[in-house]
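Student: Could you build all of it, start to finish, from the sequences and the hints given here?
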Amino acid sequence: MDKFKDNESWEIIHIPDKLPFPPHQQPTVNVYAAVIDPKHANTIVRKLNKILPLENLRHVKRVRKQHLDGGSTHLSVILCLAGENDSQLDIIPQEVAELIDFYQLKTSITKVCRYAPLSKEEWVEQCKLWPTSFHPPTYNINGITGFSEEESHSVFTFMKLALNLAKSERQMVNAAVIVDPSTNEVIARACDQVYSCSCPINHEVTKTHDNMLLNSSATEEPKLLYDGVSCLNPWGWSNQKSCDSWHPLRHAAIVAIEDSATRDRNLFPGGRHDLADIDHVQPALTYPSSKKQKTKSMHVNDYEELDPHTNDCDPVSSRPYLCTGYDIYLIWEPCAMCAMALVHQRIKRIFYAFSNLKAGALGSVHRLQGEKSLNHHYAVFKVLLPQESLNRGVKTE
Amino acid sequence: MMVSSNLSRRSFGSSRDFDLINHTVLLIIELLRSFTWRHSSTHSRSSLFFVRCVIVMDRKVISCGRNRTNETRNATRHAEIEAIDVLLDQWKEIKLSQAEVSKMFTNCYLYVTCEPCIMCATALSFLGIKEVYYGCANDKFGGCGSILSLHKSDKTSCEEVGGKSYKCTGGIMAEEAVSLFRNFYELGNPNAPKPHRPIQQP
Chain Z
1 MDKFKDNESW EIIHIPDKLP FPPHQQPTVN VYAAVIDPKH ANTIVRKLNK
51 ILPLENLRHV KRVRKQHLDG GSTHLSVILC LAGENDSQLD IIPQEVAELI
101 DFYQLKTSIT KVCRYAPLSK EEWVEQCKLW PTSFHPPTYN INGITGFSEE
151 ESHSVFTFMK LALNLAKSER QMVNAAVIVD PSTNEVIARA CDQVYSCSCP
201 INHEVTKTHD NMLLNSSATE EPKLLYDGVS CLNPWGWSNQ KSCDSWHPLR
251 HAAIVAIEDS ATRDRNLFPG GRHDLADIDH VQPALTYPSS KKQKTKSMHV
301 NDYEELDPHT NDCDPVSSRP YLCTGYDIYL IWEPCAMCAM ALVHQRIKRI
351 FYAFSNLKAG ALGSVHRLQG EKSLNHHYAV FKVLLPQESL NRGVKTE
Chain W
1 MMVSSNLSRR SFGSSRDFDL INHTVLLIIE LLRSFTWRHS STHSRSSLFF
51 VRCVIVMDRK VISCGRNRTN ETRNATRHAE IEAIDVLLDQ WKEIKLSQAE
101 VSKMFTNCYL YVTCEPCIMC ATALSFLGIK EVYYGCANDK FGGCGSILSL
151 HKSDKTSCEE VGGKSYKCTG GIMAEEAVSL FRNFYELGNP NAPKPHRPIQ
201 QP
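Residue numbers (the UniProt record's numbering), protein chains in the order written: chain Z, 1 to 397; chain W, 1 to 202.
Source of the hints: derived by calculation from the structure; they are not laboratory data.
A portion of the hints provided could be inaccurate.
[Claimed, not checked] Partial list, derived from the structure: chain W residues whose beta carbon lies under 8 Å from chain Z:
{"no.": "1", "residue": "T72"}
{"no.": "2", "residue": "R73"}
{"no.": "3", "residue": "I118"}
{"no.": "4", "residue": "M119"}
{"no.": "5", "residue": "T122"}
{"no.": "6", "residue": "L127"}
{"no.": "7", "residue": "G163"}
[Unchecked claim] Derived DSS-like pairs (lysine-lysine); straight-line CA-CA distance at most 30 Å:
{"no.": "8", "chain 1": "W", "residue 1": "K164", "chain 2": "W", "residue 2": "K140"}
{"no.": "9", "chain 1": "Z", "residue 1": "K18", "chain 2": "W", "residue 2": "K164"}
{"no.": "10", "chain 1": "W", "residue 1": "K60", "chain 2": "W", "residue 2": "K103"}
{"no.": "11", "chain 1": "W", "residue 1": "K140", "chain 2": "W", "residue 2": "K130"}
{"no.": "12", "chain 1": "Z", "residue 1": "K39", "chain 2": "Z", "residue 2": "K65"}
{"no.": "13", "chain 1": "Z", "residue 1": "K18", "chain 2": "Z", "residue 2": "K372"}
{"no.": "14", "chain 1": "Z", "residue 1": "K382", "chain 2": "W", "residue 2": "K152"}
{"no.": "15", "chain 1": "Z", "residue 1": "K47", "chain 2": "Z", "residue 2": "K65"}
{"no.": "16", "chain 1": "W", "residue 1": "K167", "chain 2": "Z", "residue 2": "K241"}
{"no.": "17", "chain 1": "Z", "residue 1": "K241", "chain 2": "W", "residue 2": "K164"}
{"no.": "18", "chain 1": "W", "residue 1": "K130", "chain 2": "Z", "residue 2": "K241"}
{"no.": "19", "chain 1": "W", "residue 1": "K152", "chain 2": "Z", "residue 2": "K18"}
{"no.": "20", "chain 1": "Z", "residue 1": "K241", "chain 2": "W", "residue 2": "K92"}
{"no.": "21", "chain 1": "Z", "residue 1": "K382", "chain 2": "W", "residue 2": "K140"}
{"no.": "22", "chain 1": "Z", "residue 1": "K111", "chain 2": "Z", "residue 2": "K65"}
{"no.": "23", "chain 1": "W", "residue 1": "K167", "chain 2": "Z", "residue 2": "K372"}
{"no.": "24", "chain 1": "W", "residue 1": "K152", "chain 2": "W", "residue 2": "K60"}
{"no.": "25", "chain 1": "W", "residue 1": "K164", "chain 2": "W", "residue 2": "K60"}
{"no.": "26", "chain 1": "W", "residue 1": "K152", "chain 2": "W", "residue 2": "K164"}
{"no.": "27", "chain 1": "Z", "residue 1": "K128", "chain 2": "Z", "residue 2": "K61"}
{"no.": "28", "chain 1": "Z", "residue 1": "K241", "chain 2": "W", "residue 2": "K152"}
{"no.": "29", "chain 1": "W", "residue 1": "K152", "chain 2": "Z", "residue 2": "K372"}
{"no.": "30", "chain 1": "Z", "residue 1": "K382", "chain 2": "W", "residue 2": "K164"}
{"no.": "31", "chain 1": "W", "residue 1": "K60", "chain 2": "W", "residue 2": "K92"}
{"no.": "32", "chain 1": "Z", "residue 1": "K372", "chain 2": "W", "residue 2": "K140"}
{"no.": "33", "chain 1": "W", "residue 1": "K164", "chain 2": "Z", "residue 2": "K372"}
{"no.": "34", "chain 1": "W", "residue 1": "K103", "chain 2": "W", "residue 2": "K164"}
{"no.": "35", "chain 1": "W", "residue 1": "K60", "chain 2": "W", "residue 2": "K167"}
{"no.": "36", "chain 1": "Z", "residue 1": "K241", "chain 2": "W", "residue 2": "K103"}
{"no.": "37", "chain 1": "W", "residue 1": "K140", "chain 2": "Z", "residue 2": "K18"}
{"no.": "38", "chain 1": "W", "residue 1": "K95", "chain 2": "Z", "residue 2": "K241"}
{"no.": "39", "chain 1": "Z", "residue 1": "K382", "chain 2": "Z", "residue 2": "K120"}
{"no.": "40", "chain 1": "Z", "residue 1": "K39", "chain 2": "Z", "residue 2": "K111"}
For each residue, glycine too, the CB sits at the ideal point set by N, CA and C.
Tutor: Written as structure tokens, this is what we have:
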């Protein structure tokens with residue numbers, strides 16, 4: 001069987017921003033709810049939204065409509081959060097309590113789901129408790145909702161390229177390939193350079209690597225064999241023997257980023273917006289005052305309207321901003337240093353083949369794709385190689 | 001120049017520590033101020049940099065670095081990484097082995113104007129640095145307590161792979177650090193595809 005054509009035994013799995021919960025075991029919070037008279041519904045909801053908007057439960061609908069057996073409908077409204085133990089009323093805010101008194105509402109404690117649903121399946125389960133709203137991921141990154149056959153094929157091709165890179169080294173290492181998915185162009189490729197040797201590689205080593213990779217799975221990785229993979233063993237650099245060149249932080253992703261930056265500087269010499277040139281003929285700036293800034297902002301609207309995406313076809317202005325729009329393929333899930341470097345460099349999607357259970361930052365130990373405070377978020381996918389996806393197939397059957 | 005009041009003698013172990021910090025912080029601020037003034041006259045945004053860090057060993061500044069992300073178009077070239085690379089080059093030139101370099105890092109103190117980001121905080125742990133002191137916290141990317149705490153290697157996962165922790169102290173001359181950043185960001189970033197803030201033109 002030609003495994004390079006047999007795409008069916010490969011699989012791409014989206015690694016979500018949050019650890020997914022089984023749909024019927026989603027965490028909940030207690031809230032005070034009350035049945036209301038439909039005549040008062042509008043007024044009550046308006047008042048409640050004003051005095052106590054449900055800030056951390058934006059996905060939860062304030063009102064639930066239930067159809068009763070007799071054909072009549074039943075409206076209930078969420079009043080406020082309730083404690084997790086049953087100490088009634090002590091935490092109902094004064095204004096809500098007044099509302100309860102005024103409309104003579106009978107309160108009861110009910111459960112709603114704590115987090116917004118990530119999938120339609122979760123949403124259906126959530127609505128059984130109390131209705132919520134479901135918005136598919138706000139960032140529009142291809143692949144989160146599935147890959148087309150053509151896209152999958154490209155993903156597998158680039159992952160194979162990364163695998164071949166990793167195997168070409170003397171010792172098993174991590175490899176990184178940065179790709180522009182809009183053109184399928186390889187922007188940069190690199191291996192770990194924590195210890196690089198220029199010694200010749202023999203074929204036996206490559207063969208062993210092949211077997212190692214095909215037989216490895218996320219759970220049972222023979223430790224010794226992977227000591228050279230920098231993201232798996234990032235503190236181990238000091239125990240290694242001296243080689244021609246070494247650098248404790250030159251993990252594959254870091255080297256690939258550096259290569260892509262070099263390419264950028266070579267292909268697009270000169271600044272993006274060469275303000276420096278203008279600046280030299282302008283009078284000196286002392287400390288900027290906020291008033292000054294306001295008047296100046298009138299001149300800079302042109303910059304703000306400059307949308308890089310509208311200029312994609314124009315070769316002169318198609319200079320990338322860092323790695324915006326690019327994908328990276330890695331054999332192993334990156335460590336926190338590499339994962340954050342990929343945030344800084346604005347990578348769009350990350351594909352990796354094996355989890356890094358001890359130091360991985362994209363789901364194993366940390367989950368940077370779900371850190372809301374970061375200024376950039378990528379989508380993360382795990383690519384199951386043929387052997388692994390076959391095993392998986394057997395297990396699930 | 002005054003040392004800000006939140007740098008109190010009480011927060012540090014010995015007066016030797018205090019002297020060390022006092023001396024180094026003054027030095028950093030001095031470097032920053034002189035640089036800021038010199039370059040703001042030409043107002044070339046690419047050469048304005050406010051994240052600056054120094055590495056100290058045996059009470060001597062042995063390396064310093066500045067953020068070079070814009071000029072290199074490599075967003076990983078933070079001040080800490082630059083300062084680390086200076087040291088690695090020096091030490092490799094005198095043919096120190098990996099083990100010797102690792103030993104050297106265990107005697108290094110890093111001072112930086114802003115809390116190291118998640119990437120730098122992790123890198124500093126990989127190197128096994130002794131201590132880190134920073135000015136203001138970084139509530140968006142901070143890897144030494146703000147978002148993640150990578151200076152404390154967690155027993156369950158990291159220790160098996162030799163994870164290293166280091167002591168990290170923040171809030172040193174924080175007000176000065178914040179005002180430096182404010183001046184910097186007020187200028188806007190001409191390299192961003194869609195700047196959040198208007199770009200200042202003189």
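Student: Are the hints correct? Go through all of them and say.
Tutor: Status of each hint after checking the structure:
1. T72: Hint holds; T72(W) Cβ to chain Z Cβ min 6 Å, cut 8 Å.
2. R73: 5 Å, holds
3. I118: 4 Å, holds
4. M119: 4 Å, holds
5. T122: 4 Å, holds
6. L127: For L127(W), the interface hint holds, since the closest Cβ of chain Z sits about 6 Å away, which is under 8 Å.
7. G163: 6 Å, holds
8. K164(W) <-> K140(W): 24 Å, holds
9. K18(Z) <-> K164(W): 27 Å, holds
10. K60(W) <-> K103(W): Roughly 17 Å between the alpha carbons, so the hint for K60(W) and K103(W) holds.
11. K140(W) <-> K130(W): 25 Å, holds
12. K39(Z) <-> K65(Z): With a Cα-Cα distance of about 14 Å, the restraint between K39(Z) and K65(Z) holds, given a limit of 30 Å.
13. K18(Z) <-> K372(Z): Since the Cα atoms of K18(Z) and K372(Z) sit roughly 11 Å apart, the hinted pair holds (cutoff 30 Å).
14. K382(Z) <-> K152(W): Within the cut-off at roughly 28 Å; holds.
15. K47(Z) <-> K65(Z): At roughly 19 Å apart (the allowed maximum being 30 Å), K65(Z) and K47(Z) satisfy the hint.
16. K167(W) <-> K241(Z): 29 Å, holds
17. K241(Z) <-> K164(W): Holds, at about 20 Å.
18. K130(W) <-> K241(Z): 23 Å, holds
19. K152(W) <-> K18(Z): Status holds; Cα separation ~23 Å.
20. K241(Z) <-> K92(W): Given pair K241(Z), K92(W) holds - Cα atoms ~14 Å apart, limit 30 Å.
21. K382(Z) <-> K140(W): 26 Å, holds
22. K111(Z) <-> K65(Z): 16 Å, holds
23. K167(W) <-> K372(Z): Since the Cα atoms of K167(W) and K372(Z) sit roughly 26 Å apart, the hinted pair holds (cutoff 30 Å).
24. K152(W) <-> K60(W): 26 Å, holds
25. K164(W) <-> K60(W): Holds - the C-alpha atoms of K60(W) and K164(W) are around 24 Å apart, at most 30 Å.
26. K152(W) <-> K164(W): 7 Å, holds
27. K128(Z) <-> K61(Z): 13 Å, holds
28. K241(Z) <-> K152(W): 27 Å, holds
29. K152(W) <-> K372(Z): Given pair K152(W), K372(Z) holds - Cα atoms ~22 Å apart, limit 30 Å.
30. K382(Z) <-> K164(W): Status holds; Cα separation ~28 Å.
31. K60(W) <-> K92(W): 19 Å, holds
32. K372(Z) <-> K140(W): 9 Å, holds
33. K164(W) <-> K372(Z): Given that 30 Å is the threshold and the Cα spacing comes to 26 Å, the pair holds.
34. K103(W) <-> K164(W): 13 Å, holds
35. K60(W) <-> K167(W): OK: K60(W) and K167(W) at ~19 Å, within 30 Å.
36. K241(Z) <-> K103(W): 15 Å, holds
37. K140(W) <-> K18(Z): Judged against 30 Å, a Cα distance of about 18 Å means the pair holds.
38. K95(W) <-> K241(Z): 13 Å, holds
39. K382(Z) <-> K120(Z): 21 Å, holds
40. K39(Z) <-> K111(Z): Since the Cα atoms of K39(Z) and K111(Z) sit roughly 25 Å apart, the hinted pair holds (cutoff 30 Å).
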